[in-house]
Every structure is written in C-alpha cells, then in structure tokens.
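Chains A and B are the protein sequences, given in the same order. Per my numbering, the very first residue in the first sequence carries number 1; after that it's consecutive. Per my numbering, the very first residue in the second sequence carries number 1001; after that it's consecutive.
Everything labelled a hint here was simulated from the structure, so no lab data went into it. All figures in this text were calculated on a predicted structure; none of them were measured in a lab. Glycine is no exception: its CB is placed at the ideal position from the N, C-alpha and C atoms. Do not rely on the hints blindly, as some may be mistaken.
[What the hints assert, rightly or not] Calculated pairs, DMTMM-like style, for lysine to aspartate or glutamate (alpha carbon to alpha carbon, straight line, at most 25 angstroms):
#	chain 1	residue 1	chain 2	residue 2
1	B	K1162	B	E1177
2	B	K1057	A	E140
3	B	K1057	A	E22
4	B	K1061	A	E140
5	A	K116	A	E22
[As the list claims (entries may be wrong)] From the structure, some residues in chain B lie toward chain A, with a derived Cβ separation under 8 angstroms:
#	residue
6	K1020
7	Q1045
8	R1064
Here is how the chains run, residue by residue.
There are 2 protein chains.
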Amino acid sequence: MSKQLTNTQQKILDFIIDKKAEGKVPTLAEIAERFGYRNRSTVRQHLQAIEKKGFIKRNPKISRGIDLLTEDKLFIPRPVLGEVAAGNPLTIYPDAIDTVDLPTIARMPKDSFLLKVKGDSLKDAYIFTGDVVIVNPNPEPRNGQIVVAVLDDAAVVKRFFKKRNRIELHSENPEYEPIVIEKDYSGFKIVGVVVGVYRNMETRVG
Amino acid sequence: MSKQLTNTQQKILDFIIDKKAEGKVPTLAEIAERFGYRNRSTVRQHLQAIEKKGFIKRNPKISRGIDLLTEDKLFIPRPVLGEVAAGNPLTIYPDAIDTVDLPTIARMPKDSFLLKVKGDSLKDAYIFTGDVVIVNPNPEPRNGQIVVAVLDDAAVVKRFFKKRNRIELHSENPEYEPIVIEKDYSGFKIVGVVVGVYRNMETRVG
DNA sequence: CAAACCACCATACATCTGTATGGTAAATTA
DNA sequence: TAATTTACCATACAGATGTATGGTGGTTTG
Chain A
1 MSKQLTNTQQ KILDFIIDKK AEGKVPTLAE IAERFGYRNR STVRQHLQAI
51 EKKGFIKRNP KISRGIDLLT EDKLFIPRPV LGEVAAGNPL TIYPDAIDTV
101 DLPTIARMPK DSFLLKVKGD SLKDAYIFTG DVVIVNPNPE PRNGQIVVAV
151 LDDAAVVKRF FKKRNRIELH SENPEYEPIV IEKDYSGFKI VGVVVGVYRN
201 METRVG
Chain B
1001 MSKQLTNTQQ KILDFIIDKK AEGKVPTLAE IAERFGYRNR STVRQHLQAI
1051 EKKGFIKRNP KISRGIDLLT EDKLFIPRPV LGEVAAGNPL TIYPDAIDTV
1101 DLPTIARMPK DSFLLKVKGD SLKDAYIFTG DVVIVNPNPE PRNGQIVVAV
1151 LDDAAVVKRF FKKRNRIELH SENPEYEPIV IEKDYSGFKI VGVVVGVYRN
1201 METRVG
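Start from the sequences, fold in the hints, and give me the full structure.
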C-alpha cells in the first residue's frame, strides 16, 4: 500500500497537479524555484519519495516526464466565480471562495471561467442545480451558441442569434418566445459563451 | 488576420494538440521523430510559421514551451468507445470510430473512456441523449457512486451500493425499486464508475 | 522570369535538464 | 542511544533541447 505523503511532498505534488491542469509539466528547476530551493537535487529526492509512494510515475531521462497516477487526485478544485440562475441577477462572488471539483481531466480553456447553476430555471436547457457551466468570455458569439448575458441586471442563459438590427435570445423550450434586444440597447451585455456543462457524479452522493 | 496553415503545419499542430490532451507537450525532437524528420530545425521552422500565423505561442528557451492559442481548436476529438442506453445491451463500437469534441480543457483521466448516451432512459439521472459520460474503469466502486454495469447483457447506469451479501443498484428516481444482485451472480459485471457527465454546448446547434 | 514561399537537410553551440554523489542538520523511531 | 527518515545544500557531468546559420530543390505568385 502506498504510504502517506509528508507535508512537503504533498505541496510539491499539488504544485505538479496545478501545473498539469494548465497543460504544463514543471521541470525540477521550476519546482525548486517555486519552493525556494537552491538545488534541483532536493526536488529530485522529493520526487523519488513521491514516486516510491506511488503517486506519480517518472519517465527517466525525459525532461518534464512526470505522470500523475494518483486516483485520489482525480479531481482538482477550481474556483467558481459566481452563480447563474436565469432571471435573477448574475451573482459574482467577491473572492471566488467557492470551488468545484473538476476532473483532473479538466484543463480550463484559457481565460474561461466557471459558473455554478442554481435553481431549475434552466431546466429547459437540461441544466440543473449543481451543474457547472464553463463560460468562455467572448465579445462576439456566433449564431446558435448558448451565451450567458446580463439583461437589465438579470442573468439569462439563452441561445444567441444576431439579426440585422437586433439580437435574439432563444430558449431551448420552443414554447417560450424569444427575447429581442434592439441594437445598442445599453442594458444588455454578453458575459460569455457557454462552452459546456459539466456535472460531477462522484461528489453528489445521494 | 492569421493566415491558413499549410498541410504540414496543420498536421504538426494537430500532433501538439493531441499531446497536450495527454497532459504532455512534445519537444522539437519528439515532433521530428513523429514525422520522420532527421532534424529539429525543420520542426523549428514549422513551429515558427505556425506561431507567426497565430496558432501557438512559444516560450523561447524553455523546453516544451508551446502554448495553444487557437480558439478554433478549443475542442479536440476524443474516441467514443460505445453507447449506453439503459436497459439495452451495452454497445461497444468495434473500431471506436465515433468521436466527440471535448473541450481542450478535457484531459481524460488515465484509462478512462467515454460512452455516448442514447435515449432518454437515464433522464431520471439528468443524463440525456448526446451527453457523454466519462467512465473510469474500476473493479471496486465505492458505495454511492454511479456505475455503468452489464446485467444479463443489458446496460444499466445506476447508483451502486454494496451490502453484506448482495449489491444494490439504485435509481436516481426513488419511485423505481432498487435492483438487487446476489453475490457471485455471474450475469453481472461492473464496467466502471461514472466520473462525470459532459455536454458540449457549442456543437449542438439548434 | 524573379521573388517568395515551402519543405526539408546538416553542423555547431550554449543552455537546460536530469542524474550522481556526498555532505549537514533536525526530527522521528526502534 | 543508535538508526532511520526528512529536508535541505553543493558540485560535477552527460545528454537533451532550443537556437543559429547556411544549403538544396520544388512550387506559387506577381
């Protein structure tokens, strides 16, 4: 059985996981710099310990050759910037304290952010309470994309269509009439494009 | 405006994207080896062209310092191994031809695979047609996890509970009675644990 | 046709990267 | 108390890595 990591080892592993989440793998030197070590050997010895305990797998002789093995770390906490509940104002957490466990698989697209869905008002788009929408800030959404927008201080999550002189926001549910925004209406602002919806099944224990 | 990539440049970029999706970044040498070049300079010149056209950003002097910029490539195709439609047999595609566009953000956890959901028979778990479930093969699911299992050749996606002498599969919908499997029943096999559900909002154009 | 681009090659080189080895000091454990 | 583990240091080195420079041959394009 793999033993427990020491405090220092855990911090180093967390750093590697964070880097991996950015699509990067740190070198020994980069890890050493991060923790103020003057020497790569120190890092190397820590990595050897971490590997011995079964949390990573290193490719010898290959630079940045660190693979994560740890099943326990399948999830990394990601900051959630706020909440959307269609109709209500868009809540942005002042300090982004709340986090959601995204799979380690989930490397956020650059500059995109997460919003937690509250309430079932988006259920006609098959989005439910507790779901996390991945939002890519984009000043120019393409037609047909689902966007998060603010309309007169109320948050909406709708499908975006740009017509000649106006913008239309369609609901997934055809029974609802589209919202029509005339061009240059100042109370309207696109927050971003909903890239996807992720629902974590492991932590939602029934 | 960034120009079009040439055929060769596109292939190299695709290779980098694939590697990034594995949580790795290739070196010039690795790219050269992949394409049969005898020289890293060839790769370097291609990368310079790709960077000039605005698809990547390179960190000079830093090994494996390639960042993807391309918004068009926010998604990478991932093989889908099969389909789940609760009640029906688990369909595994013989050649895994079908693919789903996962966000570039999505680095699959090791050994996990994707199953496409077909039919609305899982809607009591808020999973719908077109959704992709991320399955982590795991011989020992923990209580309360949602699992994909095969029971008498039919696929089920249920919440898993292990009792003393039996296994219970609960539906999200409390109206449905749990399925009870006595220990050592041979017609039952766990396929894996559902780690999460991802729904791509961009490609599903209404 | 000349100029530009494309797709490759070879050689040379400074720096980065991981490794090897040996040492110090403190805390923990047997 | 002795042995082990943890956490750091320094120096040295081979090979990996990105870069610089210059060359060949083919294809587009003005």
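Hints versus structure:
1. For the suggested pair K1162 (chain B) and E1177 (chain B), the alpha carbons sit about 16 angstroms apart, so the restraint of at most 25 angstroms is met.
2. The suggested pairing of K1057 (chain B) with E140 (chain A) holds, with an alpha-carbon distance near 23 angstroms, which does not exceed 25 angstroms.
3. Taking the CA atoms of K1057 (chain B) and E22 (chain A), the gap is near 14 angstroms; set against the 25 angstroms cutoff, the hint holds.
4. The hinted pair formed by K1061 (chain B) and E140 (chain A) fails the criterion: a straight-line CA distance of about 35 angstroms is larger than 25 angstroms.
5. With a C-alpha separation of about 21 angstroms, the suggested pairing of K116 (chain A) with E22 (chain A) holds against the 25 angstroms cut-off.
6. Nearest Cβ of chain A to the Cβ of K1020 (chain B): about 5 angstroms, under the 8 angstroms cut. The hint holds.
7. A distance limit of 8 angstroms between C-beta atoms decides the matter here; for Q1045 (chain B) the minimum to chain A is near 22 angstroms, and the interface restraint is violated.
8. Annotation: interface hint on R1064 (chain B) holds; nearest CB of chain A at approximately 6 angstroms, less than 8 angstroms.
When held up to the earlier numbered hints, the structure conflicts with 4, 7 and fits the remainder.
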